[in-house]
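Protein chains: 2
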Amino acid sequence: MSISKNQLKTITSLSQKKYRQKYKLFIAEGVKVVNELLNSSFKIDTLFATDDFKTDISSDKIIRISDKELQKISNLKTPNKVLGLFMIPDEKPLQKNGLSIALDAINDPGNLGTIIRLCDWFGVTQLLCSRETVDCYNQKVVQASMGSLTRISIKYVDLKMYLIETKLPIFIADMDGENVYKSTLPKEAILVMGNEANGVSDELKTLIKNKISIPRFGETQETESLNVATATAILLSEFKRSY
Amino acid sequence: MSISKNQLKTITSLSQKKYRQKYKLFIAEGVKVVNELLNSSFKIDTLFATDDFKTDISSDKIIRISDKELQKISNLKTPNKVLGLFMIPDEKPLQKNGLSIALDAINDPGNLGTIIRLCDWFGVTQLLCSRETVDCYNQKVVQASMGSLTRISIKYVDLKMYLIETKLPIFIADMDGENVYKSTLPKEAILVMGNEANGVSDELKTLIKNKISIPRFGETQETESLNVATATAILLSEFKRSY
Numbered sequence: 003m004s005i006s007k008n009q010l011k012t013i014t015s016l017s018q019k020k021y022r023q024k025y026k027l028f029i030a031e032g033v034k035v036v037n038e039l040l041n042s043s044f045k046i047d048t049l050f051a052t053d054d055f056k057t058d059i060s061s062d063k064i065i066r067i068s069d070k071e072l073q074k075i076s077n078l079k080t081p082n083k084v085l086g087l088f089m090i091p092d093e094k095p096l097q098k099n100g101l102s103i104a105l106d107a108i109n110d111p112g113n114l115g116t117i118i119r120l121c122d123w124f125g126v127t128q129l130l131c132s133r134e135t136v137d138c139y140n141q142k143v144v145q146a147s148m149g150s151l152t153r154i155s156i157k158y159v160d161l162k163m164y165l166i167e168t169k170l171p172i173f174i175a176d177m178d179g180e181n182v183y184k185s186t187l188p189k190e191a192i193l194v195m196g197n198e199a200n201g202v203s204d205e206l207k208t209l210i211k212n213k214i215s216i217p218r219f220g221e222t223q224e225t226e227s228l229n230v231a232t233a234t235a236i237l238l239s240e241f242k243r244s245y
Numbered sequence: 003m004s005i006s007k008n009q010l011k012t013i014t015s016l017s018q019k020k021y022r023q024k025y026k027l028f029i030a031e032g033v034k035v036v037n038e039l040l041n042s043s044f045k046i047d048t049l050f051a052t053d054d055f056k057t058d059i060s061s062d063k064i065i066r067i068s069d070k071e072l073q074k075i076s077n078l079k080t081p082n083k084v085l086g087l088f089m090i091p092d093e094k095p096l097q098k099n100g101l102s103i104a105l106d107a108i109n110d111p112g113n114l115g116t117i118i119r120l121c122d123w124f125g126v127t128q129l130l131c132s133r134e135t136v137d138c139y140n141q142k143v144v145q146a147s148m149g150s151l152t153r154i155s156i157k158y159v160d161l162k163m164y165l166i167e168t169k170l171p172i173f174i175a176d177m178d179g180e181n182v183y184k185s186t187l188p189k190e191a192i193l194v195m196g197n198e199a200n201g202v203s204d205e206l207k208t209l210i211k212n213k214i215s216i217p218r219f220g221e222t223q224e225t226e227s228l229n230v231a232t233a234t235a236i237l238l239s240e241f242k243r244s245y
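Residue numbers (our numbering), protein chains in the order written: chain G, 3 to 245; chain H, 3 to 245.
Excised from the complex, chain G in its bound form (with noise of 0.2 angstroms):
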């Protein structure tokens, strides 16, 4: 068997956000990241693997093919052994308690697929994105949480008005905030991480008045800002330590 024209046509397309919205679908590759979105709750449409790849789903899902194909629709540079298409799932409610993490348009998609390994590691069940932030479908996002992705509930929403409306408390990581290492934290909350280049926009800085920052140990001040991913695990910890 191969791949049909329409098949890859539609592979390719799937790059894209809107063909991945049109079609509810998105790619995931190698064995590690597909076996693990297969063991969860995550539907199959279809994979792409190569006859070493070894699977008990149900052989109608599965379209075998050479190494050469495989190459030819793989986004990875060391393609390894299958690219499956999966359904993406409908949102889950809104969840009301407990720690949420919401990004305030967080562009790069290494960086989001660590916040959401962080989010699984630390038992936050639920990320909220600005619709600014780069999709969770996109394929990179989708390589970097390695599985995780099955496990969070991510949702884009519209923040401004989210944090308006939400009753739990909500902190804002920012250079100018309170030192998180004397701040307390409560169980139940919202932390609100900003853009890699920006931080979190002005309008929500004037909204919101909890500011809690990474205090800076190096004697110059010339260091670099930490990394996004970096500083939400260094606020998630804080976070989680006394509980």
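Bear in mind the hints are in silico, worked out from the structure with no lab data behind them.
Note that this is a predicted model, so its numbers are computed, not measured.
Just so it is clear, CB atoms sit at the ideal spot from N, CA and C, and this is done for glycine as well.
Hints are not guaranteed to be accurate.
These stretches of chain G come out as covered by chain H in the derived footprint (C-beta under 8 angstroms, 3 or more residues) [said to hold, decoys possible]:
| id | segment |
| --- | --- |
| 1 | 140-153 |
| 2 | 215-222 |
| 3 | 234-244 |
With chain G's structure known, arrange chain H on it following the hints.
Just chain H now, kept in the frame of chain G:
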């Protein structure tokens, strides 16, 4: 003016560690990173810059080139006005006190770059690397460390011997270690972080008693381990937060 064949050959060769060591030169690119290096104790060898790169360094160090030529020598997706050859400085003498990070065979240049930035942020002035760790003058490390490279003393050592000889307490990041939130962490110590896939080598693990871990709060046991740079961020924060 333009690039001579010999210069082109030198620039190309610097993607390999053996030539960086032979010529004692490394490459940095882009306005921001190059300016940080120019404003540091690092010494410039030659800048290859387009006319719109403004600088006050001596003109005999600058070769003005066209956008096309820059494109040819650049390793960035979007070349940004300048590529500089800088001299690799002599290693500084070992510091025997304070908090140091030691890396056991870190492979990924992006991870090393992020860890260098973290050291800078948290005031860790010495980074020890096992000889199997990726070279810190690898261009991807230089770009990812964003100038922090100039403020951290990085030393490649026989890590096992070093750890046997040091008088400082040593802590190893290990999945099976003691909960870091419940550990007493001294102000002066060496924190050992391990390889991306395998963690710290068994040899070192046998040698060193103190093992610390970041507890997993998520319910499922399937969560991937934390990325090494993310874990370093959290552990450094723990070492520093009470001082």
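Here's how the hints hold up against the structure:
no.: 1; hint: 140-153; verdict: holds (count 4)
no.: 2; hint: 215-222; verdict: holds (count 6)
no.: 3; hint: 234-244; verdict: holds (count 7)
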